[in-house]
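Mind docking chain B on chain A? Use the hints.
Chains as they are written, first to last, in numbering that gives the first Met the number 0: chain A, 0 to 337; chain B, 0 to 337.
Calculated from the structure, these hints are not laboratory results.
Cβ atoms here follow ideal geometry from the backbone N, Cα and C, with glycine treated the same way.
Pairwise CB distance ranges (calculated):
no.	chain 1	residue 1	chain 2	residue 2	range
1	A	68	B	68	17 to 25 Å
2	A	219	B	63	48 to 56 Å
3	A	10	B	322	31 to 39 Å
4	A	25	B	330	29 to 37 Å
5	A	323	B	68	50 to 58 Å
From the derived model, a few chain A residues whose C-beta atoms are all more than 12 Å from chain B:
no.	residue
6	165
7	253
8	270
9	299
10	301
Covered stretches of chain B, going by a simulated chain A footprint (3 or more residues, C-beta under 8 Å):
no.	segment
11	25-35
12	91-99
Listed here are the chains, written in short residue letters.
Protein chains: 2
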Amino acid sequence: MRSGKPDQTRPGEFELIARLFAPLAAGWPGACGLTDDVAYLPLEGDLVAPGEELVLKTDAIVAGVHFLVEDPPDLVARKLLRVNLSDLAAKGARPLVYLLAIMLPASIDFGWLVRFTEGLRADQQAFGLHLAGGDTDATPGPLTLAATLLGAVPAGRRMLREGARAGDGVFVSGTIGDGALGLKAIRGELAGLTPAQLAALAHRYRLPEPRLALGARLRGLAHATMDISDGLVGDLEHICEASRVGAIIEAVRVPLSEAARAALARNPALIESVLGGGDDYELLFAAPISAEGALGALGRELGVPIARVGRIVAGERVQALDQEGRRLALAQRGYRHF
Amino acid sequence: MRSGKPDQTRPGEFELIARLFAPLAAGWPGACGLTDDVAYLPLEGDLVAPGEELVLKTDAIVAGVHFLVEDPPDLVARKLLRVNLSDLAAKGARPLVYLLAIMLPASIDFGWLVRFTEGLRADQQAFGLHLAGGDTDATPGPLTLAATLLGAVPAGRRMLREGARAGDGVFVSGTIGDGALGLKAIRGELAGLTPAQLAALAHRYRLPEPRLALGARLRGLAHATMDISDGLVGDLEHICEASRVGAIIEAVRVPLSEAARAALARNPALIESVLGGGDDYELLFAAPISAEGALGALGRELGVPIARVGRIVAGERVQALDQEGRRLALAQRGYRHF
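Bound-form chain A, shown alone (with noise of 0.2 Å):
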C-alpha cells in the first residue's frame, strides 16, 4: 500500500526534508535537525520557565475544505500556523515549538514546497516558533496539512471555556464576519464591493491574525475565553454550555470592518454569515462589565480593538438582537465540520 514510486516532479523525501524543512528547523537543537526519528524539549533549558506547564493543540487543514487549492502557497502555511495559534492564543499560550505531518499528492511540485516553507519561516520568525519534527507523506487524495503545536502558560492559572458568570460582558478582539465574507469574495458570491473591499475580505480568510499577545494579557481579567473559529454564535454556545450560563448578543453591538459594513449594507442578510460563518480567528471572552474599560485601554495599547457584544444571562440559550431588541433567527450558528 505504500505506492513506492519515486516522483520525477520533485526531490525524494530526504531531499526535501535537508533542503526546505532541516534549514526551520536550524535555530533550534531539540529538532536535531530533523535528522532523528523524534524532538527533544528540555523542560530545563531556555524554552520553558520554571511554574509553566504545557498546551497542546493539533489542527487539519485539507485542500477544497479548509483553503483553496490555488491559494498562495505561503498564506496555505501561515494559515496552518494561525489557526493552531489562535488557539494558543485564547489560552495566553506562548507558543514554542510545531510538528507538521504533511500529506502530498503528485500535483504539488517543488516550487509550491519552497513557497510554503517561506510562509512557515515568515510565521515562525513573527510568533517566535521553533519546527520541531514531522512527517511527510504521498497521498492519492488533496492536499492534507497537520500542525501540532506546544505553548507554554504559568501552572494554575489557566483560562478554560468554562468560567463565564451571569453579569458578565461578552467581549470580542478586531472584526467579526471578515473571514466568512472573505471566502464569499473569493467566490465570487459578493456583489457590488470594490475591488479593494474584496481584497480587504480575502485577505482576511486567508491570514488570520492570532491575538497572542492580547491572550497573554487576558489572564486575571477575563473569566473564560476562546477564539471564534467556528463562527461567534456557534463559539459563544460553547462557552456558555461549559460555563453553564446563556447570553444575548446585540447585534449592532458586533464590530463590522468598512468591507464588511458595505457587504451588510447591500445586503442584510449576511448578517447571518457575520454571526455565524466562523474563520474569524478572534478571541472571545466572558469579563466583568466593570472592566471595560480596562479592556478598552488594553485594545488600546495593543492595537487591537475590544468591544463588548453582549452579556452572559442565566439559562443556557444564546440569542442575538436586532437593532430593535427582535431576536434573530439563525439557521447558521456555527460550522459544522461534517
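Chain B only, in chain A's frame:
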C-alpha cells in the same frame, strides 16, 4: 471551502467527540474532557518526573498508502499509535499522551469509528497512554490519520542515530521482514504458504509491536538506535550517515520468523523485501560486540529475541552479504515515501 454539509450517516462532530473520544480522555484531567480548545500537560504533576525531558513525534497514515481501507478499524487505530510508539521505543521513551487529527471521508460510518476508538482504547491501556486532544474534519479524499505522541526520557541521556562506532555490532530485535511479507500475503502475492503462515505475516503487517520495554533498557548499552520502519538496510544507512561510518549485514544472521523462512525457501528473491521492505517496527541499534552476551540475556528477560546481524565498519557504505560472503545487489534498500 468548508463543505458544511451535515452527513446523515453518522453523528455530528461534537456528538462524535462526546460519545467516542471523550471517554478516551476521561482518565487524564489535562485533556479537559476534550471540551476546551487545548490540552494541558503539567510539568510538576504525576506524568513527568523531575530530571526528564520530553520526546515529540508525529506520524500520519493514509488509507491506500499505509494501510488497507478494508483493514479492521481497531487494528488501523492501533497501527497508527504503534508506528509512533515504535519511534519512542527506539529513543527509550516512556509514552505519555497523544493527539489525533483525523480526516474522514463520507464512507466512514459511525460503526467504523466505534471500532476505531476500541482499538485506541486497547492500546492506551496496553501502553499507558492518554488521549490529550484532537481534530476531526471531513475530507473528499482517503481516510487520513495523524497522531502526535509525547513521551518522556531522562534529560541528558539521549539515544540518537549518531554514535555508532567502527567495531560495534549491529543488532535487531524480533524478526525482520514479516511486515513487508505480510503486505504481500494480504495482496495474495505469496505462493505456497499455509493459511496459518499467511495469517501470521499479515498480522505482523497490521499490528506492529513497539519495543518500549527493550528501548528503555538500551540506555547505556547502545551507541546508536532507531526503529526499522523503512527497511533494515535503508534505516541502517540512516544510522551510518549520522554516525559517519559504514556497516556490513550478514543476511544469514538476519532473524526470520517461521513463516518468513518458508516464504524465502520457496522464493529466495524475497530476501530483498526482507532487508529493504520496511514495516518491521523492530529496534535497530549499534552496541559494542562485547555486549552481545548481556543483550542476549536482556532479550530473554523481556521475551524479545535480540540478534546481531552484522557490524559497523569504517567508511560510509552499508553492504549486505549472502551466505558465501558475496555482496547482495539490492535494488530496494528502503521505502521511499514518494
